[in-house]
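2 protein chains.
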Amino acid sequence: MCPAKIAEGETRGYVIPIGGAEEKIQNPVILKKFVELCGGEKARIVIIPTASQLDDTGATYEELFRALGVGNAVSLPIEGRDDALNEVNIAELEKATGIFMTGGNQLRLSTILGGTPIAQAIRRLNSAGVHVAGTSAGAAIMPEHMIAGGSADTLPNENGVTLAPGLGLINKVILDQHFSERNRWGRLMSAIAYNPFASALGIDEDTAVFIAPNNILEVVGSGSVLVIDPAGLQYSSMAEAGSGSALTMLGLKVHMLSSGSSYDTASREAFKP
Amino acid sequence: MCPAKIAEGETRGYVIPIGGAEEKIQNPVILKKFVELCGGEKARIVIIPTASQLDDTGATYEELFRALGVGNAVSLPIEGRDDALNEVNIAELEKATGIFMTGGNQLRLSTILGGTPIAQAIRRLNSAGVHVAGTSAGAAIMPEHMIAGGSADTLPNENGVTLAPGLGLINKVILDQHFSERNRWGRLMSAIAYNPFASALGIDEDTAVFIAPNNILEVVGSGSVLVIDPAGLQYSSMAEAGSGSALTMLGLKVHMLSSGSSYDTASREAFKP
Chain P
1 MCPAKIAEGE TRGYVIPIGG AEEKIQNPVI LKKFVELCGG EKARIVIIPT ASQLDDTGAT
61 YEELFRALGV GNAVSLPIEG RDDALNEVNI AELEKATGIF MTGGNQLRLS TILGGTPIAQ
121 AIRRLNSAGV HVAGTSAGAA IMPEHMIAGG SADTLPNENG VTLAPGLGLI NKVILDQHFS
181 ERNRWGRLMS AIAYNPFASA LGIDEDTAVF IAPNNILEVV GSGSVLVIDP AGLQYSSMAE
241 AGSGSALTML GLKVHMLSSG SSYDTASREA FKP
Chain Y
1001 MCPAKIAEGE TRGYVIPIGG AEEKIQNPVI LKKFVELCGG EKARIVIIPT ASQLDDTGAT
1061 YEELFRALGV GNAVSLPIEG RDDALNEVNI AELEKATGIF MTGGNQLRLS TILGGTPIAQ
1121 AIRRLNSAGV HVAGTSAGAA IMPEHMIAGG SADTLPNENG VTLAPGLGLI NKVILDQHFS
1181 ERNRWGRLMS AIAYNPFASA LGIDEDTAVF IAPNNILEVV GSGSVLVIDP AGLQYSSMAE
1241 AGSGSALTML GLKVHMLSSG SSYDTASREA FKP
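These protein sequences, in sequence, are chains P and Y.
So for the first sequence, the working numbering puts the first residue at 1; every next one is plus one.
So for the second sequence, the working numbering puts the first residue at 1001; every next one is plus one.
Treat the hints as calculated values from the structure; they're not laboratory data.
Every residue, glycine too, gets a C-beta built ideally from N, C-alpha and C.
Do not rely on the hints blindly, as some may be mistaken.
Once the Cα atoms are required to be at most 30 Å apart in a straight line, the calculated DSBU-like pairs of lysine-lysine come out as [to be verified]:
1) 24/P - 272/P
2) 1272/Y - 172/P
3) 272/P - 1253/Y
Chain P is nowhere near these chain Y residues, computed Cβ spacing over 10 Å in every case [stated by the list, open to error]:
4) 1032
5) 1033
6) 1072
7) 1231
Only chain P is shown next, with the shape it has when bound in the complex:
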């Protein structure tokens, strides 16, 4: 998969990966901005709680979005592949102005939604202008190439990360969440070491990137986003280094972005607030 084709005259919606643990009550800047994008009180937000194995995750977000003034917020009860084929769920999704995928385990999202009409609808709707946000596992699933897992707290190496196909809403970035909090530098570097075609984003908790239709992302929230741009990579030892061995990678560019800063995923330029 790659991002779904955008029909002539249409603009795709925002893609909004959140690094997990976004502030929900006191000062929910990320959720608020998402709600505004989706139409505020006229928004119709469909929640996909599939990543979570807690019964109340969907209901919690329904309440949160209503508290933020959303007229219509509904969680789809998709817990298995049957549910992802259910026409009632698909019909609900079609009415969304915004889609929100909760946290949990991204392998639940990929294994339950992968290849189903729900996954296809999310891609098609996003390409037609519907905004899609996701937190933690719900962020992980967004790119074409998803970080499925990996060893935390290790140096980058061939065994440092497990990649799997994601939803393919974006393909210019590889991303990881809970970045500073869970020390995922090693696994994010391992991921781009495999194929340095994409920019890598390490997104902290309570921090989101709002990727606009023009491919420029803006950082929102209290933490940082580490951007690794491997376009200028001069040398990588990845092919020769033995399994588990330390790597050499020369010529990476890095930006650390906090709220208000932006990055063009196409031209790979970074901008201050």
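With chain P's structure known, arrange chain Y on it following the hints.
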């Protein structure tokens, strides 16, 4: 302090920060290379165990160096400032072809040796050709600006690191050790955010950089060295960001180096093995 002046016709010795936990028995590539530099069986290695609070640290390294064929390895019993003024210790140090500082707590090194004839002698001897290696705390103390401490596992910010004056054997780099193992990305970034004049080195365990008299460093050992080169920094929010707030830093260059790779701390070029 800055690196001691090198007298005409002389060449300074290598400066060799080791990221801690270097392999000592099976395949001690780092210690072996240090011993060779110092003259092999003709080497006279003086160990400074001051960082450690274990009684046997000095004796352990004496044995290790002898096992590697060193004719003369002696540990100086410097446990307090009195010992750092003791002329017997200074006279022993003067005979060294190589000086080795053990791990422990770098604040013991800075508070016990700082401003003493022992510290002055280490600087003077290094500028006259004596090689100086140090592991963990013994590495931390080497630069002009030493990382004294900081919060691990956090995102880079104004409170992320505590800097203090070090021995000043090198001033073109700021370094941290146990880098991947203790997730010190945040505190190393915080350190260069204060003043991005130096290259930052994040040195893994069982990994060393051998900084040659010509300022080119080579990586030796099983791990990686992360080099952050802030020379091209376009923007930093450090001055405006509130205490503890996330930072924006645009335009950093990063190299990941493994064994055999090198980096010119003067020209800031990186080279593959």
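Going through the hints against the structure:
For the hint pairing residue 24/P with residue 272/P, the CA-to-CA distance comes to about 26 Å; that is within 30 Å, so the pair holds. About 27 Å separates the Cα atoms of residue 1272/Y and residue 172/P, which keeps this hinted pair within 30 Å; it holds. Proximity of residue 272/P to residue 1253/Y is assessed by CA-CA distance (about 17 Å); at most 30 Å being required, the pair is judged to hold. Residue-level check passed: residue 1032/Y sits 18 Å from the nearest beta carbon of chain P, beyond 10 Å.
Non-interface call for residue 1033/Y relative to chain P: holds, since the shortest CB-CB distance, roughly 17 Å, exceeds 10 Å. With a least beta-carbon separation of about 34 Å from chain P, residue 1072/Y lies farther than 10 Å from that chain, consistent with its non-interface assignment. Residue-level check passed: residue 1231/Y sits 12 Å from the nearest beta carbon of chain P, beyond 10 Å.
Hint check: no violations occur; every hint is consistent with the structure.
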